[in-house]
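Trainee: Here the structure of chain A is known, so what remains is to put chain B in place on it, guided by the hints.
Going down the list, the protein sequences come from chains A and B. Numbering-wise (my numbering), the first sequence opens with residue 217 and increments by one. Numbering-wise (my numbering), the second sequence opens with residue 46 and increments by one.
Think of the hints as simulated: they come from the structure by calculation, not from any bench. There could be a bad hint or two in this list.
Claimed, not checked - Straight-line alpha carbon distances no greater than 20 angstroms define the calculated PhoX-like cross-link-like pairs of lysine-lysine that follow:
# : chain 1 : residue 1 : chain 2 : residue 2
1 : A       : K444      : A       : K455
2 : A       : K608      : B       : K98
3 : A       : K472      : A       : K223
4 : A       : K632      : B       : K98
Stated by the list, open to error - Simulated restraints on C-beta separations:
#  : chain 1 : residue 1 : chain 2 : residue 2 : range
5  : B       : K98       : A       : V679      : 24 to 34 angstroms
6  : B       : P47       : A       : E629      : 52 to 62 angstroms
7  : B       : F62       : A       : M780      : 42 to 52 angstroms
8  : B       : P47       : A       : Q711      : 20 to 30 angstroms
9  : A       : G861      : B       : V129      : 21 to 31 angstroms
10 : A       : R787      : B       : G99       : 38 to 48 angstroms
11 : A       : K871      : B       : C83       : 14 to 24 angstroms
12 : A       : K598      : B       : F62       : 43 to 53 angstroms
13 : B       : C83       : A       : M228      : 32 to 42 angstroms
14 : B       : K98       : A       : R628      : 33 to 43 angstroms
15 : A       : R628      : B       : W68       : 26 to 36 angstroms
16 : A       : D784      : B       : G99       : 18 to 28 angstroms
What the hints assert, rightly or not - Computed footprint of chain A on chain B, listed as stretches where at least three residues anywhere in the stretch have a Cβ under 8 angstroms from a Cβ of chain A:
#  : stretch
17 : 46 to 56
18 : 73 to 82
19 : 85 to 97
20 : 100 to 108
All residues carry an ideal CB built from backbone N, CA and C; glycine is no exception.
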Amino acid sequence: MTDEMIKKHTQMFLSGSEAAAWGAKLARVQVVSAYPITPNTATIAAVAELINEGIMDAEFVNAEGEHSACSIVAGASSAGVRSFTASCGQGIAYMHEVMWMASGMALPFVMAITTRGIGSPQTFGPDTSDVLSERDSSWLQFHCEDAQEILDSMIMAYRVSEHEEVLLPSLVSYEGFRLTHTYEPVMVPDQELADRFLPPYTPKHAFLDPDYPIQQGHGSLLDYSNMKRQQHEAMLRAKGVIKEVCREFEEVFGRKYGLIEEYMVEDADLVVVTYGTAAGVVKDVVDEYRKEGEKVGLVRIRVYRPFPEEELRGTLADKKKILVLDRFRSPGTHGIMFTELRNALYGEKPRISNFVLGHEDVFSHDIKKMIEQAKREDQFDKWYNVGMPEAKLKIAGEDNYQRLRRGEKFVREDVKEGSLVVPGTNICQGCASMLAVRHVIETVGKNCVVPIATGCIMAAMGVWPLSSYKFAGGHYCFTNVASIASGIEAAKKRQGKDYTILAIGGDGGLGDIGFGALSGAVERGHKILYICYDNEAYMTTGVQRSGTTPYLAKTKTTPWGKNMKKKDIARIMEANGAVYVATASPSYLPDLRKKVLKAKEANGPAFIHILCPCPTGWEMDPALAIEIGRIAVETGSWILYEWEGGKRTITKVPKKRRPVEEYLKLQGRFSHITDAQIEEIQRYIDKRWQELVEG
Amino acid sequence: MPELRGGVIHNLGNTLFMKTGSWRTFKPVIDHDKCNRCIVCSDYCTEGVVYRKGKEEKIVIDYDYCKGCGICAHECPTDAIEMVREEMP
Chain A
217 MTDEMIKKHT
227 QMFLSGSEAA
237 AWGAKLARVQ
247 VVSAYPITPN
257 TATIAAVAEL
267 INEGIMDAEF
277 VNAEGEHSAC
287 SIVAGASSAG
297 VRSFTASCGQ
307 GIAYMHEVMW
317 MASGMALPFV
327 MAITTRGIGS
337 PQTFGPDTSD
347 VLSERDSSWL
357 QFHCEDAQEI
367 LDSMIMAYRV
377 SEHEEVLLPS
387 LVSYEGFRLT
397 HTYEPVMVPD
407 QELADRFLPP
417 YTPKHAFLDP
427 DYPIQQGHGS
437 LLDYSNMKRQ
447 QHEAMLRAKG
457 VIKEVCREFE
467 EVFGRKYGLI
477 EEYMVEDADL
487 VVVTYGTAAG
497 VVKDVVDEYR
507 KEGEKVGLVR
517 IRVYRPFPEE
527 ELRGTLADKK
537 KILVLDRFRS
547 PGTHGIMFTE
557 LRNALYGEKP
567 RISNFVLGHE
577 DVFSHDIKKM
587 IEQAKREDQF
597 DKWYNVGMPE
607 AKLKIAGEDN
617 YQRLRRGEKF
627 VREDVKEGSL
637 VVPGTNICQG
647 CASMLAVRHV
657 IETVGKNCVV
667 PIATGCIMAA
677 MGVWPLSSYK
687 FAGGHYCFTN
697 VASIASGIEA
707 AKKRQGKDYT
717 ILAIGGDGGL
727 GDIGFGALSG
737 AVERGHKILY
747 ICYDNEAYMT
757 TGVQRSGTTP
767 YLAKTKTTPW
777 GKNMKKKDIA
787 RIMEANGAVY
797 VATASPSYLP
807 DLRKKVLKAK
817 EANGPAFIHI
827 LCPCPTGWEM
837 DPALAIEIGR
847 IAVETGSWIL
857 YEWEGGKRTI
867 TKVPKKRRPV
877 EEYLKLQGRF
887 SHITDAQIEE
897 IQRYIDKRWQ
907 ELVEG
Chain B
46 MPELRGGVIH
56 NLGNTLFMKT
66 GSWRTFKPVI
76 DHDKCNRCIV
86 CSDYCTEGVV
96 YRKGKEEKIV
106 IDYDYCKGCG
116 ICAHECPTDA
126 IEMVREEMP
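Just chain A, with the same shape it has in the complex:
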């Protein structure tokens, strides 16, 4: 970078997530939509914070699921506006359909992938299985090594995607936690410099405008393959465009990028090929080998789609040995980069070996061991450091499994007696959700099967091989707890068994992302008891707004205070066809237990909506968790009722309703609101009270 260029930058101390958010800001993104999933949460919270501080000017749309988040930005892009989203792991899997739609429609927006493995088992491990699973969806893929590269790639990605020779969406991928949550000095360019490089987006190929109407997304019976060919050719052209954009980027900003990065490769005998953060460690190792006179080098694949086949062949064809460090193996074959690289080098000289690292952190001593092995052996394909420890299998109950396999009859010691939820849970101090769910399950008794949606109650049960829960059940996906329960109910009919099916989800798992499945299951009339523990935001992922977050509450994705009202899931369920609907509170345990017993006996779908104060997300003293639930009822903020046969019965009527201010002032999430806003909330509560209680 020249002095002139440096003057046009500000050095900031940013996490990878914040660097991505600054990238979106500098690209003058106008519509952002996302759905919280760890660790993308850090990225979307950073964007929300930039908007809240007035640094960035964009519409921020909080979606109710990843499928919608990607659709919202696709919609915005379709309307002709530069847009941005971020996701990872299961979220990418869930938006898979929309990703194909977007690339098929040639919508040139950008998505950040904060890589995370796809479950089951649920993991936070950044093994890049999410981003690599999208290799065939016609999205360009940029894999970053550090925070600076994330910011720069964001700006470049828009240039490449929007180029008329390309017109495909881009993924900017950076590893979860290793990059999303680590801080580095980052050179942030001035807006004027970014504007010089990235002009405003003016779509000419596809945009929705009544003044110049077009149609998009029509079916094609005979031209499908033709349109796929167009995508492929756009991908191939993208290689040239990326090179050109990188050249121009260097001219404007002084930082150099390419399709691949070469480090001490020219005279190397053995070259390590990898991508992402592992490359940084390998560079250190290469330096050490070079000090001892050994010719080791590194190639980092920066752009994975389009695949830089010619570049790799040009650099690597005459090398003796190549060691590919993959993060993810396609089960049934080799590591993904290995497969592609070997294909690119077909018929060439190098002997190629493969280590699949998985999501693990790797250190220089690990890399050295791998290089030494590659030097010793000819060609191999191995996992690095992956093996199931016997101790863990033993804790999980391997013995019981083997006895079951042998057909032995035995009494399970673990479930003979005692509470159905044992201590040692991961739940926060003073969690009213845990309290409510514990009482619900103890009331139903152990003759139950309990699928649990992603959320606090799932996170609480422990990480394999541990489980605090001593009843039959498990965790499935965020979206599908009601569908899983429906399947269990259908199977139950075939087996002629009798037990209670309890589907547990939070305001996300049943109210937002899982709502479609819930609505379908209730309409079908399965005999299931749905328990919605509503803590009024996505608390497991670190407090992001949900549909049931109340009006004006602050969360990480609504730092300005949510400007919509709370979604009334219970009343939707009444209209949806549930035979028994109730609202409850863990502060009123006898009332809760009575409702659970009634719901358990209901002859069809039953739904209980429980308001569960969350000390972490509501920003309050955990000791007040029960008190505040009581105040919610006494102020009329939460109305306890049951609804059956079309009739509503209020089960707890406070003698005199307390002013809502007493409820709000105890919670940090409402600390910013004005007296006028408190009055507005009071009027809303009065109206709802009239409707439900007096009406």
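Mentor: Chain B in isolation, oriented as in the chain A frame:
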């Protein structure tokens, strides 16, 4: 021999060695003279670690797991529970 797969757990309730008592900053201490054994504290314990074994027995808190949220002290109708700061080990 096929090993246990798919993240299945056959041995439930095995989190008991996770001694979450170490999370505590304040420790609930019961004054048994003031306590009327009403079990409100037990009902509202989010961890389920406050017990009364028999009707006439004293209330017991399992400090191995109590996370020190303070709900029991706040809810106690006779103010028989005091939150005492833990000493540094």
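Trainee: With reference to the structure, classify each hint as holding or not holding.
Mentor: Here is how each hint holds up against the structure:
no., hint, verdict
1, K444(A) with K455(A), "holds, 17 angstroms"
2, K608(A) with K98(B), "violated, 34 angstroms"
3, K472(A) with K223(A), "holds, 18 angstroms"
4, K632(A) with K98(B), "holds, 18 angstroms"
5, K98(B) with V679(A): 24 to 34 angstroms, "holds, 32 angstroms"
6, P47(B) with E629(A): 52 to 62 angstroms, "violated, 23 angstroms"
7, F62(B) with M780(A): 42 to 52 angstroms, "holds, 45 angstroms"
8, P47(B) with Q711(A): 20 to 30 angstroms, "holds, 25 angstroms"
9, G861(A) with V129(B): 21 to 31 angstroms, "violated, 52 angstroms"
10, R787(A) with G99(B): 38 to 48 angstroms, "holds, 45 angstroms"
11, K871(A) with C83(B): 14 to 24 angstroms, "holds, 23 angstroms"
12, K598(A) with F62(B): 43 to 53 angstroms, "violated, 34 angstroms"
13, C83(B) with M228(A): 32 to 42 angstroms, "violated, 57 angstroms"
14, K98(B) with R628(A): 33 to 43 angstroms, "violated, 24 angstroms"
15, R628(A) with W68(B): 26 to 36 angstroms, "holds, 30 angstroms"
16, D784(A) with G99(B): 18 to 28 angstroms, "violated, 45 angstroms"
17, 46 to 56, "holds (count 10)"
18, 73 to 82, "violated (count 0)"
19, 85 to 97, "holds (count 7)"
20, 100 to 108, "violated (count 1)"
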